[in-house]
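Chains as they are written, first to last, in my numbering: chain A, 1 to 370; chain B, 371 to 741.
These aren't lab readings, by the way, just hints derived from the structure by calculation. The beta carbon of each residue, even a glycine, is placed where N, CA and C say it ideally should be. Any given hint could turn out to be false.
Stated by the list, open to error - Over 12 Å on every C-beta distance to chain A, these chain B residues come out as not near it, computed from the model:
id	residue
1	G381
2	G411
3	V418
4	V427
5	V439
6	A451
7	A474
8	I486
9	V563
10	V587
11	P662
12	L664
To be verified - 20 Å max Cα-Cα, derived SDA-like pairs, lysine to any residue:
id	chain 1	residue 1	chain 2	residue 2
13	A	K165	A	V250
14	B	K506	A	I33
15	B	K506	A	L55
16	B	K506	A	K236
17	A	K54	A	M39
Here is what each chain is made of, one letter per residue.
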Amino acid sequence: MSAEPQTDTVDMMLNMGPQHPATHGVFRMVLSIDGERIMGVRPHIGYLHRGSEKLSEHESYGQVITLFDRLDYVSNLNNELVFVRAAEELMGVEAPERAQYIRTILCELNRVASHLLFIGTYALDVGAMTPVMYTFRERERVQNLFEHVTGARMMHNYFRIGGLKEDVPGDFAERVLSVVRRLRAGVEETDRLLTFNEVYLARTRGVGVINAEDAISCGLTGPCLRGSGVAYDVRKAYPYEVYERLEFDVPVGEFGDCWDRYWVRLRECYESLRMVEQALEQTPEGPVMAPGRRIARPPKGEVYAHAENPRGDIGVFLVSDGTDKPYRVKVRPPSFCNLVGLERMMEGAYVADAVAILGSLDIVLGEVDR
Amino acid sequence: MIEARDVLYIGAGLFALFNGLMVVTLSLVWLERKFLGRLQGRVGPTRVGPFGLLQAVADALKLLMKEDVSPGPAARVIFYAAPLLVFVPGFIVWLTIPFAQDMAVRNLELGIFFFIAFSVLSIVGLVLAGWSSASKYAVLGGFRSAAQLVSYEIPIIMTLLTVVIVAGTMNIAEVVEAQASVPYVALLPLAAVVFLLAGIAEVGRTPFDIYFAESEVVGGPFVEYSGAHWAVFFLAEYVSTFVIAALTALLFLGGWRWPFGADLPPAAGVALVLAKTYAVVLAIFWLRATYPRLRIDQLMSLGWKALIPLSFAAVIIAAAQRFYGWPTWSLTALSVIVLAVPAILQVRLQRRPAMERARRYARRAMAERAR
């Protein structure tokens, strides 16, 4: 028996989300907290479940693309690409070179837009209100370009199995170049304001640390994995489209804390802009659609295709039974897999860190819940 | 002996003060939105009135017309009393803050003491607001506010004490008179910096907006408030910000005395004080546009490990200078030396490692490309 007076305390249960400004959608965490310390976290997902995978089984291949637009709704084109590539592989079709270049350019611009959104909202999560204005202003340039090219600001439905819906407008190259130039200046502006900001460093360095081993065993991919120092990038490891012909670095962190994950995404913006410039120079003239039947009807079989989404390694497992509708579409959503690391990162964190850590994972609930 | 005339005079003064502060608050809201907008590449409000000047009025009217709801399990009486408990202390200290020579409602001999005594009280209101809301976020915010405000009260008191030691009076008007030749910010830079930082923490503005952090505790103690009661909190925040700015202007920037001396007409004196106060307010807004929010433990360690020791150092420096009769410039010299220590430490411990880390990553990426 201890002589000390025993105080009977219980951890407070704090429900964060699904309607909380910092959960980026409808994610829900149940934190058990002792004062400001987090003792445990239980994530709850499913608030945005729309049954996309099941729905895909009732749509023709061309229509499934629209469902993929709505998975990760801030990097639509990257999602379209992975499905389109899976279907192409199944059918043994290859998109013409011009289409591949344009797809790469648009995907990289989409990556920058997505990372800009991350930087802005992440700064907002840790309490800085200015970067979000800068990044949204820059992101708007990309959105405007997409609107010009695809006709839609977000749900583009522009990629097709075997190419593109149509060729890009005539002023595409010059518009892309001017957007790239401005984006670079805009990213730099945010970079100068935020990256080495004293309070920002205090809030993100050493917070939400996950080492390389844990990151791999949790199945993290994308910037979350590279933040821990693992230089795994699908664009380098399993090059697709025209990435083999482009020169780019894969930025990696070291400690796997929130700052490293932020830094990786920031550098990726610069790398993506570099890639866009190179790809634009190499883009050949030619058709943008492979010759073939208008209705895709892949032969019986199955295929797994994956690509580097802004959030990580997005994979599609596609099973065809020989009809014009897929038999099964299984998505490996990077946001969902990255969430696995959440619990490990939250060990010993403060309530304020919970927001910073969740933000640094950069999840999109449309993709987590599908 | 208090006479009827005095009561009437104070009543009229308070009435004028209250209305003046309402106008000031509206102007601050407008100024903050415009200024932040400009800093962020936006234009701020433009629609209501010329330059959006009436936007704040429209917002205030909207808030007053909103339905005032309270959570079912809230402790109703405390819930509705808490906004006043926050607002009144912030307002009452204006009683003794002079805008020019003899232009205070009541120029108290112990003015600074009066300010200290009343400004502490707003903690009670915040904690009660958090507790009575019957919401976990509010409770968490209430706890945070208690921890934050109690910790930062000490450096404020100590830095004010420094001023009192140097000026030899607690009367704010006399402190201003003492700065005729040189403002105290030049003599006591350490105290001025600590006072402004602690003051910003005291009113909970970024980077110390921890107890109502929007992205964490969703408004903290204010989360359940709406309509007019929320407006009172809002008002209190701006009035308190203005108090801190005004005290900085009066106690450290020379008020109406510096740099034009004594032969300034009272109206010009008021204008000078207001100009200085608004300049400080703008600096506070600027900080808001630049910095993220600290974490509660970082806030506490900043308070207890940096600001409190620094404020004690300021007091000791001032006391030693008075006691041993050192020349006045030694105050400045010692303050700057003491102030340099945390600045250097911050760069060494925080900024430089991060820079080095980033450079290391960049080098590695380059090496990988070369391979």
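Here's how the hints hold up against the structure:
1. G381: 41 Å, holds
2. G411: Nearest chain A Cβ is 6 Å from G411/B, so the label is violated.
3. V418: 21 Å, holds
4. V427: V427/B clear of chain A: closest Cβ-Cβ about 24 Å, beyond 12 Å.
5. V439: Non-interface label on V439/B holds, nearest chain A Cβ at 17 Å vs cutoff 12 Å.
6. A451: Check passes; 25 Å lies beyond 12 Å.
7. A474: 36 Å, holds
8. I486: 28 Å, holds
9. V563: 15 Å, holds
10. V587: 8 Å, violated
11. P662: 4 Å, violated
12. L664: Non-interface label fails for L664/B: nearest chain A Cβ at 6 Å, not farther than 12 Å.
13. K165/A <-> V250/A: Given that 20 Å is the threshold and the Cα spacing comes to 31 Å, the pair is violated.
14. K506/B <-> I33/A: 11 Å, holds
15. K506/B <-> L55/A: 39 Å, violated
16. K506/B <-> K236/A: 47 Å, violated
17. K54/A <-> M39/A: It is violated: about 37 Å lies between the C-alpha atoms, which goes past 20 Å.
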